[in-house]
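> Residues per chain are reported as follows:
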Amino acid sequence: MAGLQIRNVEKVYGNKFKAVHGISLDVKDGEFMVLVGPSGCAKSTLLRMIAGLETITAGEISIGERVVNNLVPGKRGIAMVFQNYALYPHMKVFKNLSFGMRLQRRPRAEIESGIGHVSRLLEIEELLDRLPKQLSGGQAQRVAVGRAIIKKPEVFLFDEPLSNLDAKLRAAMRVRLTSLHKQLKQEGLSSTVVYVTHDQVEAMTMGDRICVMKDGRIMQVADPVTLYDRPENTFVAGFIGTPEMNLFSARLHKGASGASLEIGKQRMALDPSVMARLTLGDAGEVTAGIRPQHIAPAAAGASNTLEGRVSHVEFMGHEIYLHVVIADNAFIVVTQSAGFDRAKASEGAMHFTVAQDALHLFDPVSGKNISLGS
Amino acid sequence: MGGDSKFLGLLYISPYVIGLLVFTAIPFVYSFYLSFTDYPLMTAPVWVGLDNYLELFTSDRTFRKSLSVTLVYVFTTVPLKLVFALFIAVILNYRLKMINFFRTAYYVPSILGGSVAVAVLWRYIFAKAGVVNMALGFFGMDPINWFGDPNYALFIITLLRVWQFGSAMIIFLAALQSVDKSLYESAAIDGANKWQTFRSITLPLITPVIFFNLIMQTVQAFQEFNGPYIITNGTGSPLKSTYLLPLYIYDEAFKKFDMGYASAIAWVMFFIIMVLTLVAFWSSRRWVYYAGDKRS
Amino acid sequence: MTTTALSAIALETERTNRMTRRLQRISAAVRYLILAGVGLVMLYPLIWLIGASFKTNAEIFADPGFIPKEPTLNGYINGWKTSTPYTFATFFWNTFLIILPKTVGTAISATAVAYGFARFEFPFKKLFFATVIAILLLPNVVTRIPQYLLFRDLGWLDSFLPLWVPSALAGDAFFVFMLIQFLRAIPRDMEEAARVDGANTLQVLIFIVVPLLAPAIVSVCLFQIMWTMNDFLGPLIYISSVDKYPISLALKLSIDTTEAFDWNRILAMSVLALAPSLIIFFLAQKQFIEGISSGGVKG
Ligand SMILES: Nc1ncnc2c1ncn2[C@@H]1O[C@H](COP(=O)(O)OP(=O)(O)OP(=O)(O)O)[C@@H](O)[C@H]1O
Ligand SMILES: [Mg+2]
Chain W
2 MAGLQIRNVE KVYGNKFKAV HGISLDVKDG EFMVLVGPSG CAKSTLLRMI
52 AGLETITAGE ISIGERVVNN LVPGKRGIAM VFQNYALYPH MKVFKNLSFG
102 MRLQRRPRAE IESGIGHVSR LLEIEELLDR LPKQLSGGQA QRVAVGRAII
152 KKPEVFLFDE PLSNLDAKLR AAMRVRLTSL HKQLKQEGLS STVVYVTHDQ
202 VEAMTMGDRI CVMKDGRIMQ VADPVTLYDR PENTFVAGFI GTPEMNLFSA
252 RLHKGASGAS LEIGKQRMAL DPSVMARLTL GDAGEVTAGI RPQHIAPAAA
302 GASNTLEGRV SHVEFMGHEI YLHVVIADNA FIVVTQSAGF DRAKASEGAM
352 HFTVAQDALH LFDPVSGKNI SLGS
Chain L
-19 MGGDSKFLGL LYISPYVIGL LVFTAIPFVY SFYLSFTDYP LMTAPVWVGL
31 DNYLELFTSD RTFRKSLSVT LVYVFTTVPL KLVFALFIAV ILNYRLKMIN
81 FFRTAYYVPS ILGGSVAVAV LWRYIFAKAG VVNMALGFFG MDPINWFGDP
131 NYALFIITLL RVWQFGSAMI IFLAALQSVD KSLYESAAID GANKWQTFRS
181 ITLPLITPVI FFNLIMQTVQ AFQEFNGPYI ITNGTGSPLK STYLLPLYIY
231 DEAFKKFDMG YASAIAWVMF FIIMVLTLVA FWSSRRWVYY AGDKRS
Chain P
3 MTTTALSAIA LETERTNRMT RRLQRISAAV RYLILAGVGL VMLYPLIWLI
53 GASFKTNAEI FADPGFIPKE PTLNGYINGW KTSTPYTFAT FFWNTFLIIL
103 PKTVGTAISA TAVAYGFARF EFPFKKLFFA TVIAILLLPN VVTRIPQYLL
153 FRDLGWLDSF LPLWVPSALA GDAFFVFMLI QFLRAIPRDM EEAARVDGAN
203 TLQVLIFIVV PLLAPAIVSV CLFQIMWTMN DFLGPLIYIS SVDKYPISLA
253 LKLSIDTTEA FDWNRILAMS VLALAPSLII FFLAQKQFIE GISSGGVKG
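First to last, the protein sequences are chains W, L and P. Per the numbering used here, numbering through the first sequence is continuous, rising by one, with the last residue being 375. Per the numbering used here, numbering through the second sequence is continuous, rising by one, with the last residue being 276. Per the numbering used here, numbering through the third sequence is continuous, rising by one, with the last residue being 301.
A couple of the hints might just be wrong.
With a straight-line cut-off of 27 Å between C-alpha atoms, the simulated DSS-like cross-links for lysine-lysine are [what the hints assert, rightly or not]:
id, chain 1, residue 1, chain 2, residue 2
1, P, Lys288, L, Lys161
2, L, Lys236, L, Lys220
3, P, Lys83, L, Lys77
Source of the hints: derived by calculation from the structure; they are not laboratory data. Since we're looking at a predicted model, the values are computed, not measured.
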């Protein structure tokens, strides 16, 4: 039963490359924390520092109340599932599962009951007598998870464990891992998880909280809904959500008659509610952001719309993606395909309404969201 | 490929098939036949049944000496060479900057291999007044009459071949380098220390090349000829202590032209090698890990 | 957690990091030391050989160092003349005459045979492939005597034919095996594309497979050259006239015929005998190392 604390951790690799710039993160006991971010943002580096596979250049990592900086991996109370599973190819599944326990000279009975429990849990009883090369991808994945669970670690570490599976299996394993996590929790076992992925669907569906990283820094830590609704900066806004949030330069005007947003030669009046959310009140250049789902073709005769030209229409089945150019900015607009008139769209100019409660404004220099209220 | 005659492949391997028949298969069988004959080369072979073998095992003291010398030689040279090769390979496998340099340097003796010149060099280095004895003198030890003392002479040949550990070492190194690094990390997380990791992960994973090296080096060691022949001028001296079976076979066949008897010796040696190889293959199921194709 | 506790941990981390680094440096130093020591012991005989070949006979057994005090070329001059009517040039030439056809024959036959094994299905393929492995393990003492008798009956004794012909018929199973391994690792798509474009199997072999296999074929040639150069027993059995002797036999002959005290002559000739191998090795070390690493070659 333990959480994980990371305090001001830094990592400088041997070649003087600074991969991690002072990261602090608290993972609560039993929490499923997902680290997500683009390739090279040091997710694996951070995870491997927690595991003890990389030295910690500065800062402190503790598991439970215990500082683990100076402990070898085997003594940290962690278990790790690798991207390629790293099953020992010359050992049968049974031996793979029991290797750690055998090193600790645990009694035979304990090893066998542990393996019995884990193999039932993961439905790998049939596989115990096989070599890893005789397993399918999904089976190998389950064995790797089993090898982690059997150690009853305080913290589970996963480094992109699903990325070697095909899309269908990945979806199934996602559900399986989440329910496994719940089950462990119910059994009162330690179930703190740090899970690295670069797939935002995994992050959003599995994480209790998500830590979005970029270039060795944390951009935001929050639960999935907050991350989606209240991104703290343009990076998170752009990273989470598909298709990406439309981000564009605009000019904020404040006048006696109310505020407005100037986009190219067009102008859109802003609701007082938007202005109430603004934490940085000055007029001037801003970066505005609106998700494709929050901008829609305007109803006939609607006012306060933006005008754009549809350059391309993608039919996705239930939805339609409109590629639109509004005041020289490329936008994507997602709209229901039912009742959508394609002929109208191809005529060219169309009007769009923005759902203003979902409109974000960012500081153009720092990228900070200035429309989150206080 | 579809449409090709199924004999096309045979056409490509036909040189091999001809060579196999003419230079290996038929000679192989014929040599077995010869081992049951008396064949002094000038007259036709005369069938003598088991006489050659009976003589070998009952009255031929040279053979007994030669056989025991050969076994001692093989069972010291092969393990020493392999252990040394593996030891150096493990050291080199650590991410060292000059690995290529050392790898090359260590390989040079192997490339010169069984050449006459290297055997000549050995004769000089281990001569009574040679470099080795000078070095011993430097440490205050008495010079040793390496090639005059039956206790040492064979060991010097062993040293000559252990000195050529380079190719075994390179094969080991290639195997070590192909071990997936994440297995080591996984073992570390499982709590294994360095030695446990080497015992439980590294060693089992390179058993295929250990096996390969073991077989190859053994077959080769049994056939050692150049070293003792050149160093001792073909005599296997002192007291036949370096008189390996190939020397004996050579003498019987090409000095005495006793082809039948020589063939019998060759077949005894072949039989020993075959038994050892079969034992190795049979036992390999228990200790060699085969990274074969994936199947389920 | 208080700040003082935190900084104590930081200090501790800093200290262990420093200690790990120091341990790593020490361990690296120990490794280098072992490697360098072993390397020196390994290479010293060769270094000594080269040095001693320039020494006077009096000095060879008097001084363990390798730098000659009174450098002399006498060893080379006398050695080159040999005690036969021929100079060493003849023996080098003979070695070359053995190597060239043998290597070319090996390259061509081993490539064709490997191609046959790796790319075609044919009757008894498994059986034939098993014989490749068997020959790999077969000690050739068993076949040597009948082979000798065969060559005698063919009238090939005292010619280079017994040295050439078996190799030209892909008799060195090692090379066939090595090339098969290489070929199996090369995907077939290019060859299939060429077949679709209308090439026959021989054209595919020559225009697609051989270029792809070139590095491996080069390795095969290099190893064959080295082994032929070192081969002693083959020439010893088959070559009897001195004018056909290759270097290995000539060197042995010069040991047998040289005056007992003329050491530097023999050492000088040994250096010359090793020189071609060493030069080829240093020019092509990459091919050797890669050839061994991937093919698994004896030596
Ligand atoms: N051993 C190393 N030495 C030097 N730099 C390294 C080392 N390992 C990683 N890096 C660098 O550190 C940065 C972070 O790497 P890391 O593997 O942690 O990224 P990641 O977020 O896991 O990426 P991915 O999603 O591609 O796995 C990268 O720029 C990488 O090049
Ligand atoms: Mg990674």
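> All the hints need checking, so say for each whether the structure fits it.
Going through the hints against the structure:
About 25 Å separates the Cα atoms of Lys288/P and Lys161/L, which keeps this hinted pair within 27 Å; it holds. Using a Cα cut-off of 27 Å, the hinted pair Lys236/L and Lys220/L holds, with the two alpha carbons roughly 18 Å apart. Taking the CA atoms of Lys83/P and Lys77/L, the gap is about 46 Å. The hint is violated against a cut of 27 Å.
In summary, the one numbered hint that this structure violates is 3.
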